[in-house]
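J.: Chain by chain, the residues:
2 protein chains.
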Amino acid sequence: MSEHIVTSYDEELRYIVRRISEMGGQAERMVEQSVAALMGSNLALAQSVVAEDVLLDNAQRELDERAILTIAKRQPMAVDLRQIVGAIRISNDLERIGDLAKNISKRVIAVAEHQQPVRLVRGIEHLTDLALEQLKEVLDSYATRDHERAGAARARDEEIDAMYTSIFRELLTYMMEDPRNISACTHLLFSAKNIERIGDHATNIAETIYYIKTGQRMDNDRPKGDQTAGMTLSVDGGERGTNFRV
Amino acid sequence: MSEHIVTSYDEELRYIVRRISEMGGQAERMVEQSVAALMGSNLALAQSVVAEDVLLDNAQRELDERAILTIAKRQPMAVDLRQIVGAIRISNDLERIGDLAKNISKRVIAVAEHQQPVRLVRGIEHLTDLALEQLKEVLDSYATRDHERAGAARARDEEIDAMYTSIFRELLTYMMEDPRNISACTHLLFSAKNIERIGDHATNIAETIYYIKTGQRMDNDRPKGDQTAGMTLSVDGGERGTNFRV
Numbered sequence: 458m459s460e461h462i463v464t465s466y467d468e469e470l471r472y473i474v475r476r477i478s479e480m481g482g483q484a485e486r487m488v489e490q491s492v493a494a495l496m497g498s499n500l501a502l503a504q505s506v507v508a509e510d511v512l513l514d515n516a517q518r519e520l521d522e523r524a525i526l527t528i529a530k531r532q533p534m535a536v537d538l539r540q541i542v543g544a545i546r547i548s549n550d551l552e553r554i555g556d557l558a559k560n561i562s563k564r565v566i567a568v569a570e571h572q573q574p575v576r577l578v579r580g581i582e583h584l585t586d587l588a589l590e591q592l593k594e595v596l597d598s599y600a601t602r603d604h605e606r607a608g609a610a611r612a613r614d615e616e617i618d619a620m621y622t623s624i625f626r627e628l629l630t631y632m633m634e635d636p637r638n639i640s641a642c643t644h645l646l647f648s649a650k651n652i653e654r655i656g657d658h659a660t661n662i663a664e665t666i667y668y669i670k671t672g673q674r675m676d677n678d679r680p681k682g683d684q685t686a687g688m689t690l691s692v693d694g695g696e697r698g699t700n701f702r703v
Numbered sequence: 458m459s460e461h462i463v464t465s466y467d468e469e470l471r472y473i474v475r476r477i478s479e480m481g482g483q484a485e486r487m488v489e490q491s492v493a494a495l496m497g498s499n500l501a502l503a504q505s506v507v508a509e510d511v512l513l514d515n516a517q518r519e520l521d522e523r524a525i526l527t528i529a530k531r532q533p534m535a536v537d538l539r540q541i542v543g544a545i546r547i548s549n550d551l552e553r554i555g556d557l558a559k560n561i562s563k564r565v566i567a568v569a570e571h572q573q574p575v576r577l578v579r580g581i582e583h584l585t586d587l588a589l590e591q592l593k594e595v596l597d598s599y600a601t602r603d604h605e606r607a608g609a610a611r612a613r614d615e616e617i618d619a620m621y622t623s624i625f626r627e628l629l630t631y632m633m634e635d636p637r638n639i640s641a642c643t644h645l646l647f648s649a650k651n652i653e654r655i656g657d658h659a660t661n662i663a664e665t666i667y668y669i670k671t672g673q674r675m676d677n678d679r680p681k682g683d684q685t686a687g688m689t690l691s692v693d694g695g696e697r698g699t700n701f702r703v
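Heads up: the sequence lines are chains A and B, in that order. Counting from 458, one number per residue, gives the positions in the first sequence under my numbering. Counting from 458, one number per residue, gives the positions in the second sequence under my numbering.
Calculated from the structure, these hints are not laboratory results. One or more of the hints may lead you astray.
[Unchecked claim] Distance ranges between label pairs, derived from CB positions: (1) A:Ala508 <-> B:Ser505: 35 to 45 Å; (2) B:Leu526 <-> A:Arg637: 26 to 36 Å; (3) B:Glu479 <-> A:Leu500: 43 to 53 Å; (4) B:Leu512 <-> A:Arg637: 43 to 53 Å; (5) A:Ser478 <-> B:Glu570: 16 to 26 Å.
Positions of the beta carbon are idealized from the N, C-alpha and C atoms, including for glycine.
With the hints as extra help, turn the sequences into a complete structure.
T.: This is the structure we're talking about:
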């Protein structure tokens with residue numbers, strides 16, 4: 458619990474919103490640095506991301522406790538209650554983004570052993586840029602309480618899923634071409650999957666912003682999650698099978 | 458929001474605890490069925506898991522809203538507050554377990570294309586048994602409010618991580634032996650990773666049970682997460698590199 462002394466409900470709320478923004482900035486930075494470490498085989502940078510994750514975990518726990526005490530003490534209703542509940546949800550998503558960045562960082566050594574094709578590196582960097590842009594957009598929408606902008610940012614998740622599918626396919630192809638690529642490509646596969654999941658968390662945050670503003674759930678018209686779960690690739694690179702949806 | 462009419466705080470609490478138990482049973486069943494569908498190429502079973510995930514998502518959302526209203530209305534303190542906050546956290550973990558089971562189910566078609574080696578199938582089934590036993594043990598500890606039992610169940614996560622590491626290594630070996638295995642093995646890799654993550658969520662639940670009872674965080678003496686992030690395997694099967702820990 459912070460030392461900060463709270464004198465009014467508004468002040469408590471402002472404190473919570475400010476902490477979310479700080480956590481958001483930290484999560485963004487961790488994602489950026491983890492992928493930079495992965496692509497540049499930078500072990501020191503990877504280690505700093507792993508260390509930073511502890512701070513984000515603690516921030517989430519503190520915000521959680523603080524928000525719950527505020528609910529118990531102030532009994533907020535309607536939009537006030539949703540503000541606090543929304544902050545709990547968003548901090549949870551940010552903490553999970555930090556975990557995913559940490560997991561990418563831990564793969565640096567395994568991936569560093571092999572030189573990766575330039576095209577693949579560009580692909581993963583591009584995927585990361587998309588996810589980071591979406592996250593930044595969503596966090597800006599939170600700061601400005603602009604739920605329409607949050608809705609637009611949520612729609613970008615489709616682009617991320619499509620890019621992930623393309624990288625998934627490419628990684629499988631590299632593995633098939635040369636078994637020496639398999640070990641490193643497996644770690645890149647998990648890393649790409651983590652970045653795709655970061656996009657999912659940004660999408661969750663967009664949905665929470667909508668909920669805070671309106672009290673309603675967003676329409677579920679967005680195709681969710683990655684498209685690769687049902688995808689197979691034959692040895693000659695021809696794609697077979699599609700994701701089954703029920 | 459349920460139709461159930463609440464007359465006392467104890468009744469609200471009992472309702473929440475009962476709902477958590479129901480959600481837990483549902484999550485267990487989904488995990489069991491998703492792996493059975495994956496191993497038996499049973500598409501109908503896989504589809505039923507995907508359909509059931511919607512129910513678990515809704516149950517989590519309802520419990521969330523209900524728990525928050527209870528906090529706002531009753532202003533519980535100390536262990537009473539922790540009971541409700543704990544229920545919110547546990548239902549979140551259960552919902553994520555459901556998501557992971559759904560993701561396994563979506564891989565059924567991709568994996569069904571190739572016959573898997575018996576040893577690998579047994580390995581994944583064994584990993585699932587370990588994760589399910591841990592989950593069951595943790596949920597029983599919740600029902601009986603036995604935080605020492607929860608602590609013991611949490612320790613089992615190490616066994617799951619070790620088993621996952623062994624399966625990870627085996628899958629890489631199969632991919633290297635024959636490129637035709639790569640596509641299906643990639644989906645099995647993600648499935649095994651999902652099962653390992655189910656163990657992590659069971660561990661989270663154990664930690665929440667401890668927090669409810671004591672108000673304290675458990676000692677963080679458990680090596681967390683999988684050990685494969687830094688693991689590489691050369692073409693001849695020799696293992697190189699280890700997980701880096703900072």
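J.: Name the hints, by number, that the structure is in violation of.
T.: Of the numbered hints, 2, 5 do not hold.
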